[in-house]
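J.: Sequence:
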Amino acid sequence: MDQRLERLLDLFRQHGPVAVAFSGGVDSTLTLWAAARALDGKALGVSIRSEFICRAEHERAERMAAFLAEAVGARVAVCGVSVLEHARLRSNPPDRCYLCKQLVLAQVRAEARAAYGEDFRLADGTNADDDPARPGLRAVAEAGALSPLALCGIDKAGVRELARQLGLPNAEDPSNSCLATRVPTGSELTFARLTAIEGMERAARDLGLVDLRARLVPGPLDGQEGDAVRLLVRPGQLVFAQSLATRLEERARFIGFTHFALGERT
748 MDQRLERLLD
758 LFRQHGPVAV
768 AFSGGVDSTL
778 TLWAAARALD
788 GKALGVSIRS
798 EFICRAEHER
808 AERMAAFLAE
818 AVGARVAVCG
828 VSVLEHARLR
838 SNPPDRCYLC
848 KQLVLAQVRA
858 EARAAYGEDF
868 RLADGTNADD
878 DPARPGLRAV
888 AEAGALSPLA
898 LCGIDKAGVR
908 ELARQLGLPN
918 AEDPSNSCLA
928 TRVPTGSELT
938 FARLTAIEGM
948 ERAARDLGLV
958 DLRARLVPGP
968 LDGQEGDAVR
978 LLVRPGQLVF
988 AQSLATRLEE
998 RARFIGFTHF
1008 ALGERT
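Numbering (the working numbering), first residue to last: 748 to 1013.
Don't read these hints as lab results, they were simulated from the structure. Treat the hints with care, as some may be off.
Cross-link-like lysine to any residue pairs, in silico, SDA-like; alpha carbons within 25 angstroms at most [unchecked claim]:
1. K903 - A857
2. K789 - A857
3. K903 - V957
Label pairs and their computed distance ranges (CB to CB) [stated by the list, open to error]:
4. A861 - P931: 33 to 43 angstroms
5. E1011 - E817: 34 to 44 angstroms
6. F938 - G763: 36 to 46 angstroms
7. F987 - H833: 37 to 47 angstroms
8. R885 - V986: 35 to 45 angstroms
9. A904 - A816: 20 to 30 angstroms
Ideal Cβ positions, reconstructed from N, Cα and C, are used throughout, including at glycine.
With the hints as extra help, turn the sequences into a complete structure.
T.: Structure below.
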């Protein structure tokens, strides 16, 4: 077995029952795979459903939970959390990620306590390349949660390499972030805005675009009330996206955006 996997398994064996914040992305999938493999029934994944997470991500988490249950006997609990019930989160402050991660980890802790009592550790999928200054990582540290991939020195490339070795179905999936990251800091997060952003991204993917972001430009703009949207695609797909511009703009207008523009993701 790859030495990186051996280190990961050994780390979990040292910490006993573990509850993993599980999104269905490749980082948390590898983390839960290793926890379940090392701990033989003492690993629990907790998948959070909230307004910040799009339906496609929920569906991917379900598929990966089913795969891990079959492959290594992992258990995944699904929990609903309404982030928009929290006024500070709705206001979209600079520390939004910190506040959201606090909320998520509190729910993961509650599920773990129901499963294990008080004897467990929290874990997340932070890898060795993730910026330690990220606000969400402050919440991880305050919760006393483990970041096993980072602790074992496994970076983004290493995660994907190990995922391919293990045959994880999401090994090549592009990275993603929550819908709230598409809204500028300080602009209110509403269900309508998040739903519109999700609809724009889904429409673009239905037309064959991948690895994209729909960034909201809050209105009013040019005297028109309402929000505009800027669809950002990878440079290699920009020409293709430009060929679809008319159809994409039609979809954006149907969803309710006042303006539509294309740009490159860096």
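J.: State, for the Cβ atoms of R885 and V986, whether the hinted interval 35 to 45 angstroms holds or is violated.
T.: 41 angstroms, holds
J.: Could you grab the alpha-carbon distance between K789 and A857 and see if it respects the 25 angstroms cut-off?
T.: Holds, at roughly 16 angstroms.
J.: For the range 33 to 43 angstroms, tell me whether the beta carbons of A861 and P931 fit it or not.
T.: Roughly 38 angstroms apart at Cβ, these two residues keep to the hinted range, so it holds.
J.: Taken at face value, is the distance from the CA of V957 to the CA of K903 at most 25 angstroms?
T.: Cα-Cα ~19 angstroms, so holds.
J.: When you check the alpha-carbon spacing of K903 and A857, does it fall within 25 angstroms?
T.: Violated. K903 to A857 sits at ~29 angstroms, over the 25 angstroms cutoff.
J.: Note whether the CB distance of A904 and A816 lies within 20 to 30 angstroms or breaks it.
T.: 27 angstroms, holds
J.: When you take the CB atoms of F938 and G763, is the distance between them in 36 to 46 angstroms?
T.: 40 angstroms, holds
J.: That 34 to 44 angstroms hint for E1011 and E817 (C-beta), does it hold up?
T.: 40 angstroms, holds
J.: In this structure, is the beta-carbon distance linking F987 and H833 contained in 37 to 47 angstroms?
T.: 39 angstroms, holds
Hint 1 from the earlier list is the only one contradicted by this structure; the remaining hints agree with it.
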